[in-house]
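Chemist: Based on the sequences and whatever the hints tell you, model everything.
2 protein chains.
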Amino acid sequence: MLAAARAAFAERGFDGASIRAIAATADVDPALVHHYFGTKDKLFLAAVAAPADPDELLPEVLATPADARGAAVVRMVLRVWDGPARPAILALVRSAVNHEWSAKLLREFLLAKIIRRVVGSIDMPVEERDVRGALVASQLIGMVMTRYVLQLEPLASASPDELVAAVGPTVQRYLTGDVDLPG
Amino acid sequence: MLAAARAAFAERGFDGASIRAIAATADVDPALVHHYFGTKDKLFLAAVAAPADPDELLPEVLATPADARGAAVVRMVLRVWDGPARPAILALVRSAVNHEWSAKLLREFLLAKIIRRVVGSIDMPVEERDVRGALVASQLIGMVMTRYVLQLEPLASASPDELVAAVGPTVQRYLTGDVDLPG
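Those protein sequence lines, which keep their order, are chains A and B. To convert, take the position in the first sequence, counting from 1, and add 281; that gives my numbering. To convert, take the position in the second sequence, counting from 1, and add 281; that gives my numbering.
By construction, these hints were calculated from the structure, which means they are not laboratory data. The beta carbon of each residue, even a glycine, is placed where N, CA and C say it ideally should be. A portion of the hints provided could be inaccurate.
As the list claims (entries may be wrong) - Here are a few chain B residues that sit away from chain A, every Cβ distance over 12 Å (derived from the structure): (1) A288; (2) F295; (3) S299; (4) I300; (5) F318; (6) A347; (7) D363; (8) G364; (9) E389; (10) S402; (11) A439.
As the list claims (entries may be wrong) - Mimicking EDC-like on lysine to aspartate or glutamate, the simulated pairs with C-alpha atoms at most 20 Å apart in a straight line are: (12) K385(B) with E434(A); (13) K321(B) with E292(B); (14) K385(A) with E434(B); (15) K385(B) with D322(B); (16) K323(A) with D296(A); (17) K321(B) with D334(B).
Modeler: Here's what the structure looks like:
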């Protein structure tokens, strides 16, 4: 079931994949998928092997004022990576770098579960959402790669507060600032 | 010889590693290392399996005015990744994510061959160099991960000019702008 779910989410995205089709591919009854995983949401988290549930982490971020959203997102990302889930997230990153299907799955997870919700919570022209979201992702992904994978100093040893102060304004600019946007 | 060189550069850095010590570890004469690889510089590039030589790419970047250096660095990174070396660079990234020794080697390559030279070419307090360089790296690494590994749209299909316009100002701010620096 998980293999079928991974293939479906990677190929058709979170919205496009259906439990019915996943069950058919896995040659089981859809009720069995529901029994084991509950909602499509939970099946998706299991398929990605997501080490943290954005549903539990995002509400606090989205409750901050729009002009403090950049700092709040950076802080959330650091809290997850500095916590016990780090080895599991590193495994996700490794898999995404090694396998294209895994990169697709991680991309869909970041898009559907984090990026779209963060940019969707801010008042902006609809056509700017994807590109502002991708720019935010570029800075956040680079921050975690630099700090946790390359372990480049002084970012590897910087405190969360210091990183929020240095990187937060970049994320804020991508979210709400004056950016010469592609497209 | 290459295995000994990789271990030495990863453990002691580019400046700390000597051809004499590498030759001793590999149990060969230092003259043989020189014969095969020429300078320590060339040996380092071979050890990292560097798909491009920063000595050939950086002079053009460093010749730009300091206030256009951010855009120039972004443009250089995109030119290398959009060129024929992409599979080789992707292999480097994969290796760095999979093996800690490889991450150390890539970090040392980025530091000694690119980052320190870019920040060293700009007038700033010495104690700001490492942190500004690491912040620049965070945005550039994130840009390439987002565009080439995750292939997140619209950044994956954006033109180099569009990316320079959107991301260049961030790199410029990290290089010369008003940043609340860690430490």
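Chemist: Run every hint past the structure and note whether it holds.
Modeler: Each hint tested on the structure:
no.	hint	result
1	A288	18 Å, holds
2	F295	14 Å, holds
3	S299	23 Å, holds
4	I300	26 Å, holds
5	F318	25 Å, holds
6	A347	20 Å, holds
7	D363	15 Å, holds
8	G364	20 Å, holds
9	E389	10 Å, violated
10	S402	19 Å, holds
11	A439	4 Å, violated
12	K385(B) with E434(A)	12 Å, holds
13	K321(B) with E292(B)	16 Å, holds
14	K385(A) with E434(B)	12 Å, holds
15	K385(B) with D322(B)	17 Å, holds
16	K323(A) with D296(A)	14 Å, holds
17	K321(B) with D334(B)	14 Å, holds
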